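Keeping their order, the protein sequence lines are chains D and H. Take any residue in the first sequence, count from 1 to its spot, add 250: that is its number in this note's numbering. Take any residue in the second sequence, count from 1 to its spot, add 118: that is its number in this note's numbering.
If you are wondering where the hints come from, they were derived from the structure by calculation, not from laboratory data. Keep in mind that this is a model prediction, so the values were computed, not measured. Even glycine gets a Cβ: it sits at the ideal position worked out from N, Cα and C. Hints are not guaranteed to be accurate.
Residues on chain D that point at chain H, a partial pick, calculated with CB under 7 Å [unchecked claim]:
1) 280
2) 281
3) 283
4) 284
5) 289
6) 322
7) 324
Away from chain H, derived, C-beta distances all over 10 Å, residues of chain D [stated by the list, open to error]:
8) 260
9) 263
10) 349
11) 353
12) 401
13) 406
14) 412
Footprint (simulated), chain D over chain H, 3 or more residues, beta carbon under 8 Å [what the hints assert, rightly or not]:
15) 132-138
16) 159-165
17) 188-199
18) 222-236
19) 247-257
Below are the chains, spelled out letter by letter.
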Amino acid sequence: MSVKIKHYPGEEIETQDFREGKVLFESFKPKAKYAWSAGIAISRFLEELKNGRILASTCSKCKRIMVPPRIYCEKCFKPTDGWTYVKDTGTINTFSVSFIAADASRLKEPIVVAIINLDGASEGMGIVHWLNEYGDWREIKIGMRVKAVWKPPEERVGAITDIKYFKPIKE
Amino acid sequence: MSEVAIIGVGCVGFRPMTPELSYKELMFEAAVKAYEDAGGINPREDVDIFVACSEDYLEGFSIFDEFVPDQLGAALRHLFTVTGDGMLGLAAAYMLIKTGQFDTVVLEAHSKASDILTYTDIVQFGFDPIFNRPLGGHPYYVAGLEMTRYLYETCTTEEQCAQVVVKNKRNALLNPHAAYGANITLDQVMHSEKLFHPLKKLEISTPADGCIVMVLASEKVAEKLTDKPIWVKGVGWCTETPSLETRDWTRAVYTRLAAEMAYKEAKITNPWRDIDFAEIHDLFAYKELQHMEALKLCDYGEAGKLTEDGLTSLNGEFPVNPSGGLLGMGYGLEASGLQKVLEVVIQLRGEAGARQIDDAEVGLAHTWRGIPTATGVVAVLSKVK
Chain D
251 MSVKIKHYPG EEIETQDFRE GKVLFESFKP KAKYAWSAGI AISRFLEELK NGRILASTCS
311 KCKRIMVPPR IYCEKCFKPT DGWTYVKDTG TINTFSVSFI AADASRLKEP IVVAIINLDG
371 ASEGMGIVHW LNEYGDWREI KIGMRVKAVW KPPEERVGAI TDIKYFKPIK E
Chain H
119 MSEVAIIGVG CVGFRPMTPE LSYKELMFEA AVKAYEDAGG INPREDVDIF VACSEDYLEG
179 FSIFDEFVPD QLGAALRHLF TVTGDGMLGL AAAYMLIKTG QFDTVVLEAH SKASDILTYT
239 DIVQFGFDPI FNRPLGGHPY YVAGLEMTRY LYETCTTEEQ CAQVVVKNKR NALLNPHAAY
299 GANITLDQVM HSEKLFHPLK KLEISTPADG CIVMVLASEK VAEKLTDKPI WVKGVGWCTE
359 TPSLETRDWT RAVYTRLAAE MAYKEAKITN PWRDIDFAEI HDLFAYKELQ HMEALKLCDY
419 GEAGKLTEDG LTSLNGEFPV NPSGGLLGMG YGLEASGLQK VLEVVIQLRG EAGARQIDDA
479 EVGLAHTWRG IPTATGVVAV LSKVK
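One chain only, chain H, in its complex shape (with noise of 0.2 Å):
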């Protein structure tokens, strides 16, 4: 079986609005950057397949799906859309890859976030109608649900999960691609408003329009096409029931066993020891503690200890989020997944500039499909074949 490269990326945004734009050419700009970058293939002619992500009640349209293919470059040839995050659609283009029928697939997610007019009532749909929509109030609250236990039963401090933040989105300052750099303290953090109990303002990712396409190939194109392949070691994925009344609300259960299958493949015995950074999903700052735990990079109860002590600052042992995180480059929706992707594929390749990672090889890029879902999608991601 072939092993599967990413060998272009490209990206546009992240911004807090892109009211100069439609999403097409947003699509349209990232899209010829990813070419460009795989070495100026030309996707009339050069890709197999096509995988776009999107989600309809995101975008405002049905069957969003037939709306991409043009500014893709995709008009007449092979398309389908995975309604879901970017990483699921990264699962989806490796998988294709690994059938030994497809040797170029391109993969695309955006988020033109600043386009919906009523996001909470969005995300509220979300909710099954008979036991949790009628008790209306803002879907958030089940990030505080969740983190009320997390807190609970691991005896993480709240200014432990307020660290992430100072952590995240001091690393955004040097992120190009990042939204929502800043240079806070965590006072500042700790007294930001108090929006559902224990969760504060601060430790909201703010969403960020966007978009990022990516090419892959097989080994044997990848080779031809450029000199700086990151190749894909392994995906995982899973989902949790999407019952609130009984899904577990202190361990990030689907992380976990996204992980397990994510692990097995890339033979990964040692998380902490065998990778060397990793993207995680950081929606709400007690996530990435929490997504940490669950992707066996250290024991629960531990990551608020291993933030607190700097261990995953850019500068620490095993850094955590050197792209700023969600929280600091803005929540892109369903494309969150390749904004992980991205950086992982951007340190592997040392082109990370003032927040590289020195002597990365392997990298960890994590999803969460965030509120209300317990979806997760693992990657590892090597320099190395």
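So that you can see chain D by itself, here it is in the shape it has in the complex (with noise of 0.2 Å):
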């Protein structure tokens, strides 16, 4: 409010106000349930996390590694050639330190998400994920090695968290 101005005019709400049901409005909550179909490429992708295996598609075109895999490259259009596993280290592309949650509260410790590229995969190309064990996070720097850590084979289900985080490596 601006320093000249003490009081608008008119009737002030408060949250109260809502809660006691003064101010009338309708609230809706949606049900909304997907199961999208994996299809062939993801499919694979997420089989092989179970075994600790990253996945990619490879195209004779472009000559491209592709992950994460798909049946068709982008690029050339057309589908693509053939399967190989990529290495589970990487090259740290950018990332991004949150302080606080998706509520806005804010956090004991901050979350770090990086893009990682991953060795053997085509320049530019490899996997979004968490990364933890960095120490103090003004540490973390583009061109980072990193390395994912797994859960426990027994404790994967395929899916993209079967890999808790990547974590910095010195080579």
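Put the two chains together into one complex, using the hints given.
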């Protein structure tokens, strides 16, 4: 409120007024449930995560090794030609340090998400994941070498979270 | 102004479910077929604009547009999404080419209905949150409301509505793209479970999965790439009030006005005489009849009689839904309109095989956006420029 104006004309509405039904409104909670078919490429990718491996698909025309895998090369617009594994190590392409959660509450420990270019994949291809065991977040740098920390095999379900996070490594 | 032609079509499905393919893979397959059909174009170079049609709530994604480019060959190219039926996309593609700025436009619409676990709730989410949603219930009661009034005003009989199902499901048996072809009797339809009186179970289209991609082109490009272009002679669309409280429950006014817009452009003065057959939105059996009347194929109240007398059957004077319609093909959600256009293109090319209509030269495609909407689109297509 401006320093010169202490009170605007009209009724002020408080949260309490909504709770007490003084302000009329209609609320609705949609029941929206989906189960997306993963399809050929992503089914194989998820299946291999259970085995602790990261699957890529290859295009014989542009020679790219693509992660996550797909059945078509979006550059050449042709079906991909094969499958290969890439390593679970890589390099940080970019990262962000979040200090608040989705509901805007302050986090005790920041959450770091990174784009990781995986070793063996083509330039600029890899995975989005959490970064952990990094010590002081101020030490995280673009170009830093990282490696996947996997859940134990019996806990893997074929999901991106079968990898717990990536952590910096010294080479 | 250039004429606009459909020069390539590709269809995957329709099937009750497609758990083996992701929606992206479904789209890729349809796109490959369409580009091949259009003379083997390369989407990375030969396409000016891509138009994809989808509704976020049917996909389970916010801003679904962003997930579309790769599988169409549209990455880092010019693309936009129409959040509506594929035929609204057709209208957009048509206008883009008419501007003279674009020669080749790709159009896509799909249904991954089997991915939606709470279909009824998603449909209900389209209801007015203040007046209608609090009443709950299955949203298809709206079709029951409309059918009651339609029968009352037009003296159409329940048997005449049921006859639409018998005809369409039988046509679907001849269509490899149809999911629900069947040889059923009038009696079976009449005795199927009453779900939303007077609407019966077999009179309601079942959702299906599939994808359709089309390539549209200007005269210049069309004549270079194909010797079987199908010309879009006119397109029209219209939306009625969303309010259930005040809309017209007897006549599909949205379709009437959409048709008038399309007919004016296509110079159609007597639709029954000037057009050879029609693909009409039949999500519910009575809708085919109501829409026939709105499309001026006959007077109000006459469509039931024409159907009963067999005039709209595959060998009749004016075949309606030779594809099997949505009752036979399966309800392709926002791809419904392109299911209609696809059949018109196939028929006009003379590629419909066992369900081919003799001497088909001009065809009509019509769509409606389903419950609870009152939006319709009409297109007149022709073999002759």
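**Study point:** Numbers of unmet hints, in rising order
**Key:** Of the numbered hints given earlier, the structure breaks none, since each of them holds.
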